[in-house]
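Respectively, the protein sequence lines represent chains H and F.
Quick note on my numbering: the first sequence kicks off at 1 and runs consecutively.
Quick note on my numbering: the second sequence kicks off at 1001 and runs consecutively.
Calculated from the structure, these hints are not laboratory results.
Keep in mind that a hint or two might mislead.
[What the hints assert, rightly or not] Taking lysine to aspartate or glutamate and the DMTMM-like style, the derived pairs with C-alpha atoms no more than 25 Å apart in a straight line are: (1) F/K1069 / F/D1103; (2) F/K1316 / H/D295; (3) F/K1003 / H/D326; (4) H/K69 / H/E212; (5) H/K69 / H/D35; (6) F/K1316 / H/E284; (7) H/K3 / F/D1326; (8) H/K316 / F/E1300; (9) H/K316 / F/D1103; (10) F/K1316 / H/E141.
[Unchecked claim] Each pair of labels, with its calculated beta carbon distance range: (11) H/G199 / F/L1012: 55 to 63 Å; (12) F/R1031 / H/G199: 44 to 52 Å; (13) F/Q1313 / H/N28: 31 to 39 Å; (14) H/S270 / F/R1021: 15 to 23 Å; (15) F/N1028 / H/D295: 18 to 26 Å; (16) H/N28 / F/G1057: 37 to 45 Å; (17) H/G123 / F/R1274: 39 to 47 Å; (18) H/G123 / F/D1196: 40 to 48 Å; (19) H/I288 / F/N1005: 28 to 36 Å; (20) F/G1123 / H/R321: 47 to 55 Å; (21) H/P263 / F/R1031: 53 to 61 Å; (22) H/N28 / F/Q1260: 21 to 29 Å; (23) H/D326 / F/Q1313: 37 to 45 Å; (24) F/Q1339 / H/D15: 34 to 42 Å.
Backbone N, C-alpha and C fix where the C-beta goes; we use that ideal spot for every residue, glycine too.
There are 2 protein chains.
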Amino acid sequence: MSKDNAIIARILQGDRRALARLISRIENDGRAATDTLAALYPHTGRAHIVGVTGAPGTGKSTLVNELAKSYRARNVQVGIVAVDPSSPFSGGALLGDRIRMRDLSGDPGVFIRSMASRGNLGGLARATSDVVKVLDAAGYETVLVETVGAGQSEVEIARTAHTTLVIEAPGMGDDVQAIKAGVMEIADILVVNKADREGAERTRQILQAMLELGLKPGYGQESKHGARHHSQNQDENRSVTVPAQRWKPIICSTIALQGQGVPELMQAISDHYRYLQESGRWAERERIRAANELDHLLRERLIAHMLQRIGPQRLKETVNRIVARDVDVHTAASDLLAQAGLTSAPS
Amino acid sequence: MSKDNAIIARILQGDRRALARLISRIENDGRAATDTLAALYPHTGRAHIVGVTGAPGTGKSTLVNELAKSYRARNVQVGIVAVDPSSPFSGGALLGDRIRMRDLSGDPGVFIRSMASRGNLGGLARATSDVVKVLDAAGYETVLVETVGAGQSEVEIARTAHTTLVIEAPGMGDDVQAIKAGVMEIADILVVNKADREGAERTRQILQAMLELGLKPGYGQESKHGARHHSQNQDENRSVTVPAQRWKPIICSTIALQGQGVPELMQAISDHYRYLQESGRWAERERIRAANELDHLLRERLIAHMLQRIGPQRLKETVNRIVARDVDVHTAASDLLAQAGLTSAPS
């Protein structure tokens, strides 16, 4: 316990080596770090968690890099968690591009960590969420969670964020294909990166049209709402006082490689932060995040428990009986659960 | 029970109305039909289940239509289950295109059913698998399971098939984008549809190259294998006797709208069927299918049981305590499961 207390104290002081070691423990075994996580948890809740997602080739990493530099210029401590569900590699910053490392490494106000699935997507979402909490407790005021790709697992991971940026880029073949269902829905801010490329205006128009068509249902009940350009309505959210007021997704254009549009994007992110705080939606997002995490964890634990109770041998025998048509799968499932003492009588 | 027996007898006789009614019961409530499914299950195991998947716009439905017509020309009874995970609509053949209905409706040797998610993807995979079993028991010798889209849920649904066709088409923007990770892996036969379109040869070459690069790991241990063109090796599988022999994915070219290439595709499907039977892989696939189904069903039941045990009120209170930092999510999950009597002491 005293050893744990020492680790906790070091992490709360922002000790990078303790931080790196705890994150490795979280990655290696979800259960090994639970006591430490429990002790750190009361110290969380201060960080603004910003999710950045989008298809490969949209320039996400460069944009995250630019955002991190902008935060550092304001003396904000920044954590970066780069998540690649398709990669089996994990660790320090193995996935990270060299540009990022060159610009940001050595700065004690930045902590970068790459995470990969190791074949366990559910575990990755859980581990990501735990790592974000550790960075939060360690005093990182903004945590950028970058997910490579644009599938369901990225949507899951993005749900852990307060503010979600979805990055698009023109010239990626089929524009509309790139805007995946499910990904639009989670966007608070849409970014058209590589805005100097041909087709950028068209990409922007498509995004605008999709928003106006209500393809992003947002967080309220109504499906009707429009988009707005940040530059036109910069002050709109400052007057938000009615909790029922909805966030209208902002479209920003950037050229991340040249840093263009990044100040406007920073402004949009801070507008969204202010919106969440003033509208009461921050608390709502915290509740949604907690409910999601609890749900996932309950499932993960319960299923591990079930598999342990039933045991691989009995599972295998049951599969053989199903294949032999001795028993159907529904009856087999009921029997296994009942034998394992995991179900009551059917209602 | 006697009423159930009557339904079972009618379904085994191929009574279409009884069939449609049972399928609706399966769709509406997974639990309502379990007794009937259990009684039908010993009568299953004869149908060849063929999964057809691919991105929207590849001409999947037209191809399924042509395959069904070819089977009918051979006097084979055909069931078609069209699954759309993104659609909330379900029922008779609401999703079905008009061409399909015009060509096939009224033929008593064809049974078409469309299924949609109704917001419950896990339930859809389970229901699809149950519906396929019912069609199998009712005497449909080939069941075509068409999935709209190319995401994870389609991969799940395709796993219920013995033979999986992945449909590609040229000119869909970015060729390589269209070949999704995870979808290539499940392909036994790759179909380049709309083969008269510009870029068809390139699409075929890309698929060929991906296969040669070992991007489709297949069902064995080795990752090294090549593709072959069906026309060149038509007789290869007829001599397959070694159980360890691996299936090398076939690439077929079709123009479904004109029926071109469909006989060769039919041959490829029947070659794969013969391969499965002669190599012993049929039994292996049956085991994999049963294991997957059992796994999903155990999870579904167990989680429903857990949520019922814990109750919505206690869940909500726990979420509030997490948000208030009174308890961390790991501790909360352990406590909830222990209170519900669903976990033993940690090992």
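Original post:
Does H/K316 pair with F/E1300 here, judged by a C-alpha cut-off of 25 Å?
Top reply: holds, 19 Å
Subject >> Satisfaction of the hinted span 28 to 36 Å by the C-beta atoms belonging to H/I288 and F/N1005 >> reply: Violated, since H/I288 and F/N1005 (Cβ atoms, about 49 Å apart) do not stay within the stated range.
Original post:
When you take the CB atoms of H/S270 and F/R1021, is the distance between them in 15 to 23 Å?
Top reply: Given about 58 Å between the Cβ atoms, the range is violated.
Original post:
At the C-beta level, are F/R1031 and H/G199 separated by a distance inside 44 to 52 Å?
Top reply: holds, 51 Å
Original post:
Quick one, are F/K1316 and H/E141 close enough, alpha carbons at most 25 Å?
Top reply: Violated, because 28 Å separates the two Cα atoms, which is more than 25 Å.
**OP:** Indicate whether the distance between the beta carbons of H/G123 and F/D1196 respects the range 40 to 48 Å.
**Re:** The hint (40 to 48 Å, Cβ to Cβ) holds, given that H/G123 and F/D1196 are roughly 46 Å apart.
Original post:
In this structure, is the beta-carbon distance linking H/G123 and F/R1274 contained in 39 to 47 Å?
Top reply: Because 40 Å falls inside the window, the suggested range holds.
Original post:
Is the gap between the beta carbons of F/Q1339 and H/D15 within 34 to 42 Å?
Top reply: For F/Q1339 and H/D15 the Cβ distance comes to about 36 Å; the hint holds.
Original post:
Do H/N28 and F/Q1260 keep their Cβ atoms within the hinted range of 21 to 29 Å?
Top reply: violated, 54 Å
Original post:
Are H/K316 and F/D1103 close enough, with their CA atoms no more than 25 Å apart?
Top reply: violated, 44 Å
**OP:** Quickly compare the C-alpha distance for F/K1003 and H/D326 to 25 Å and report which way the hint goes.
**Re:** holds, 23 Å
Original post:
Under the criterion that the straight-line Cα-Cα distance not exceed 25 Å, is the pair F/K1316, H/D295 satisfied?
Top reply: It holds: about 11 Å lies between the C-alpha atoms, which stays within 25 Å.
Checked against the numbered hints above, the structure violates hints 4, 5, 9, 10, 14, 19, 20 and 22; every other hint is satisfied.
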